[in-house]
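Given the structure of chain A, go ahead and fit chain B onto it with the hints provided.
There are 2 protein chains.
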Amino acid sequence: MLRATCDRLDRLGLDRPTLLVDETRARANIARMAAKAAAAGVRFRPHFKTHRNAAIGRWFAEAGVTAITVSSLDMAAHFADHDWDDLTLAFLVNPRQLPRLGDLAWRLADRGGSLGLTVDTPEAARAVRHVIGDTAPLWIKVDTGYGRSGVPWDDGPRLKAVAESAVCTGLLTHAGHSYHTAREDLPELFSETARRLATAREATGRDLLLSVGDTPTCSAVDSFTGVDEVRPGNFVYFDLMQRALGVCRDDDLAACVACPVVALDAARGRVVLHGGAVHLSKEQLPGPVYGLVGRLDGEGPRVLDAAPVVDISQEHGIVRTAPARFAEVFGRIRTGDLLPVWPVHSCLTGEAALPTRLLAGATSEA
Amino acid sequence: MLRATCDRLDRLGLDRPTLLVDETRARANIARMAAKAAAAGVRFRPHFKTHRNAAIGRWFAEAGVTAITVSSLDMAAHFADHDWDDLTLAFLVNPRQLPRLGDLAWRLADRGGSLGLTVDTPEAARAVRHVIGDTAPLWIKVDTGYGRSGVPWDDGPRLKAVAESAVCTGLLTHAGHSYHTAREDLPELFSETARRLATAREATGRDLLLSVGDTPTCSAVDSFTGVDEVRPGNFVYFDLMQRALGVCRDDDLAACVACPVVALDAARGRVVLHGGAVHLSKEQLPGPVYGLVGRLDGEGPRVLDAAPVVDISQEHGIVRTAPARFAEVFGRIRTGDLLPVWPVHSCLTGEAALPTRLLAGATSEA
Numbered sequence: 001m002l003r004a005t006c007d008r009l010d011r012l013g014l015d016r017p018t019l020l021v022d023e024t025r026a027r028a029n030i031a032r033m034a035a036k037a038a039a040a041g042v043r044f045r046p047h048f049k050t051h052r053n054a055a056i057g058r059w060f061a062e063a064g065v066t067a068i069t070v071s072s073l074d075m076a077a078h079f080a081d082h083d084w085d086d087l088t089l090a091f092l093v094n095p096r097q098l099p100r101l102g103d104l105a106w107r108l109a110d111r112g113g114s115l116g117l118t119v120d121t122p123e124a125a126r127a128v129r130h131v132i133g134d135t136a137p138l139w140i141k142v143d144t145g146y147g148r149s150g151v152p153w154d155d156g157p158r159l160k161a162v163a164e165s166a167v168c169t170g171l172l173t174h175a176g177h178s179y180h181t182a183r184e185d186l187p188e189l190f191s192e193t194a195r196r197l198a199t200a201r202e203a204t205g206r207d208l209l210l211s212v213g214d215t216p217t218c219s220a221v222d223s224f225t226g227v228d229e230v231r232p233g234n235f236v237y238f239d240l241m242q243r244a245l246g247v248c249r250d251d252d253l254a255a256c257v258a259c260p261v262v263a264l265d266a267a268r269g270r271v272v273l274h275g276g277a278v279h280l281s282k283e284q285l286p287g288p289v290y291g292l293v294g295r296l297d298g299e300g301p302r303v304l305d306a307a308p309v310v311d312i313s314q315e316h317g318i319v320r321t322a323p324a325r326f327a328e329v330f331g332r333i334r335t336g337d338l339l340p341v342w343p344v345h346s347c348l349t350g351e352a353a354l355p356t357r358l359l360a361g362a363t364s365e366a
Numbered sequence: 001m002l003r004a005t006c007d008r009l010d011r012l013g014l015d016r017p018t019l020l021v022d023e024t025r026a027r028a029n030i031a032r033m034a035a036k037a038a039a040a041g042v043r044f045r046p047h048f049k050t051h052r053n054a055a056i057g058r059w060f061a062e063a064g065v066t067a068i069t070v071s072s073l074d075m076a077a078h079f080a081d082h083d084w085d086d087l088t089l090a091f092l093v094n095p096r097q098l099p100r101l102g103d104l105a106w107r108l109a110d111r112g113g114s115l116g117l118t119v120d121t122p123e124a125a126r127a128v129r130h131v132i133g134d135t136a137p138l139w140i141k142v143d144t145g146y147g148r149s150g151v152p153w154d155d156g157p158r159l160k161a162v163a164e165s166a167v168c169t170g171l172l173t174h175a176g177h178s179y180h181t182a183r184e185d186l187p188e189l190f191s192e193t194a195r196r197l198a199t200a201r202e203a204t205g206r207d208l209l210l211s212v213g214d215t216p217t218c219s220a221v222d223s224f225t226g227v228d229e230v231r232p233g234n235f236v237y238f239d240l241m242q243r244a245l246g247v248c249r250d251d252d253l254a255a256c257v258a259c260p261v262v263a264l265d266a267a268r269g270r271v272v273l274h275g276g277a278v279h280l281s282k283e284q285l286p287g288p289v290y291g292l293v294g295r296l297d298g299e300g301p302r303v304l305d306a307a308p309v310v311d312i313s314q315e316h317g318i319v320r321t322a323p324a325r326f327a328e329v330f331g332r333i334r335t336g337d338l339l340p341v342w343p344v345h346s347c348l349t350g351e352a353a354l355p356t357r358l359l360a361g362a363t364s365e366a
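So the protein lines, in turn, are chains A and B.
Mapping of the first sequence onto my numbering: residues 1 to 366, in sequence order.
Mapping of the second sequence onto my numbering: residues 1 to 366, in sequence order.
No lab work stands behind these hints: they were computed from the structure.
Computed from a prediction, not measured in an experiment: that's the story for all the values here.
Subject to a maximum C-alpha distance of 25 Å in a straight line, what follows is the list of computed SDA-like cross-link-like pairs (lysine to any residue):
| no. | chain 1 | residue 1 | chain 2 | residue 2 |
| --- | --- | --- | --- | --- |
| 1 | A | K160 | B | R268 |
| 2 | A | K160 | B | A267 |
| 3 | A | K160 | B | A266 |
| 4 | A | K160 | B | R334 |
| 5 | A | K36 | A | D250 |
| 6 | B | K160 | B | R129 |
| 7 | B | K160 | A | D265 |
| 8 | A | K160 | B | D265 |
| 9 | B | K160 | A | A266 |
| 10 | B | K160 | A | A267 |
| 11 | A | K160 | B | G336 |
| 12 | B | K160 | A | R334 |
| 13 | B | K160 | A | R268 |
| 14 | A | K160 | B | L264 |
| 15 | B | K36 | B | D86 |
| 16 | B | K36 | B | D228 |
| 17 | B | K160 | A | G336 |
| 18 | B | K160 | A | G269 |
| 19 | A | K36 | A | G226 |
| 20 | A | K36 | A | D185 |
| 21 | B | K36 | B | E192 |
Chain A with its partners taken away, still in its complex shape (with noise of 0.2 Å):
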């Protein structure tokens, strides 16, 4: 049943492991956020950490995109060369880079943007008003729930003395606990995000923006109630790990990668990939299943359950099917095919050094 697919792949002239991008499928991905935040009139900063991807960008930007979400230093200096002005780096500041934070801050300004940065104390907020000035938006991080970093939602006093060391744009918050909530249960998650940013926001005694952004409860709200900013990331790509929390559809996965049949074992119902944790990271789901094969022909179902990654070294990727379904699956594959795998987290399969292809709906068009 993957003879088409391979077809396909085979005219595009590959012949390492690549990510595959649906231009048409992830274009779709951003107009849906965008909309829904454009709806609630809440302002729309995706996190760019999921691709990193200059040209991915452009395409947020004509979606009317003007503000973006970035996790490091360099990443901020990446998209700035990118001609993007209006950056928040959701990180907490590490004091030790306050001067290279400030050169690309001012640099910001001078062309009219500016440099959000992070901070949880209230010396890392003098640290940087005293380093960098009043350029940067200053953002307090929040402690919602997820327990990473952050001020705890209800330290009143110490929110309290972060917000009055220097002039505070707003709460941030990531509620990364979304990743182990269930479905029905989103919704919920992300209004108790918003009603406990609320609550922080009453202990500052300041009237400060509230900022929060995680893929699953951004998907999987009707409206962003109770924000002033929403920053997801991974929603252009999804991945398998979305998919299994029922926040998207396999239709809506935009990102893939392909990677070449090097050996396959009928009677044990093996295939070998080049495609290890260096391409589709050691990311896993329950089984262990590090990515799923699928098809990009448009018929029948696109991610094969039946068709896991379940082993996974430096460079190697095993797939493994029922013995009696593996002629049914992989019957016509000869080794030199490439397969698409789609992967269980595509923010670490977007961080690997791999070379990628956008395509102009070639996961979802005959």
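Showing chain B alone in chain A's frame:
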């Protein structure tokens, strides 16, 4: 107890996650393995996939190494560009790359070198000979029990068929199941692997060379008996996985990631690092443990089991220690300090596009 370490890292002028390689330790690791191979009279063909670094490659050359192993065509081309002439690509041939493999094989042959290739079917062996001619040494990939790829060692007819389809140089295996073998059983696993390769050779009826390569067994044995070539790679750095297996000492660990501290929370016993899955990989030891903070000051324990990275996301790592021990371990640490984190699997850490700093003995000398 980590203050002296932070002071030393402070002097390096780093401001972001950076791979630190201890030249003294890495050269000692190389020298020890090279000496063991020389004593046994076997060829030492170390795998370069762990470091993938031309400067570190020169340390091998200075230890007398002239032949290397790589795991992709791109890696082969990289080291061919850095004056390595005798390469084995220990990854099953991807037929789609035959034209490029041929170009590289001929380029190496022109300067007196060669590109060894790996096959597991008569068809692949014939395809190599058809496209590339007799230039490339051909190795038959044998599965001696790992179960990842290659001709099963006891499948005599298939081994014979491959060996008869083209002129072959030898039999090559990777006993990756050594990573799940108890320390005391590793020498026997090495011997068993050699015996199984010898059995496979008998089935071919040819006078073929035997090549093995995995760091656990190659580190555990006193002598390389029963093989012609060894291809370990990880041993240049070692890592927490090898430490857990018991095949290296803490003093042999030669690569760590310097990670900036972005938050400290004594009450919860937590340190938040800029150092996540993109730097350390998602490889884990039971716990889970994604890395261990350690010292560089030459006093006391170098790797702190009391300070594990217990959670990891794309850019963040969370270190947790018992709150009662927090002051002792992290008492004088500030945000902005850099902490060394020893990775679980150094091959994947080396794969991350990290800036790399080569230090002459910085992790072992005061």
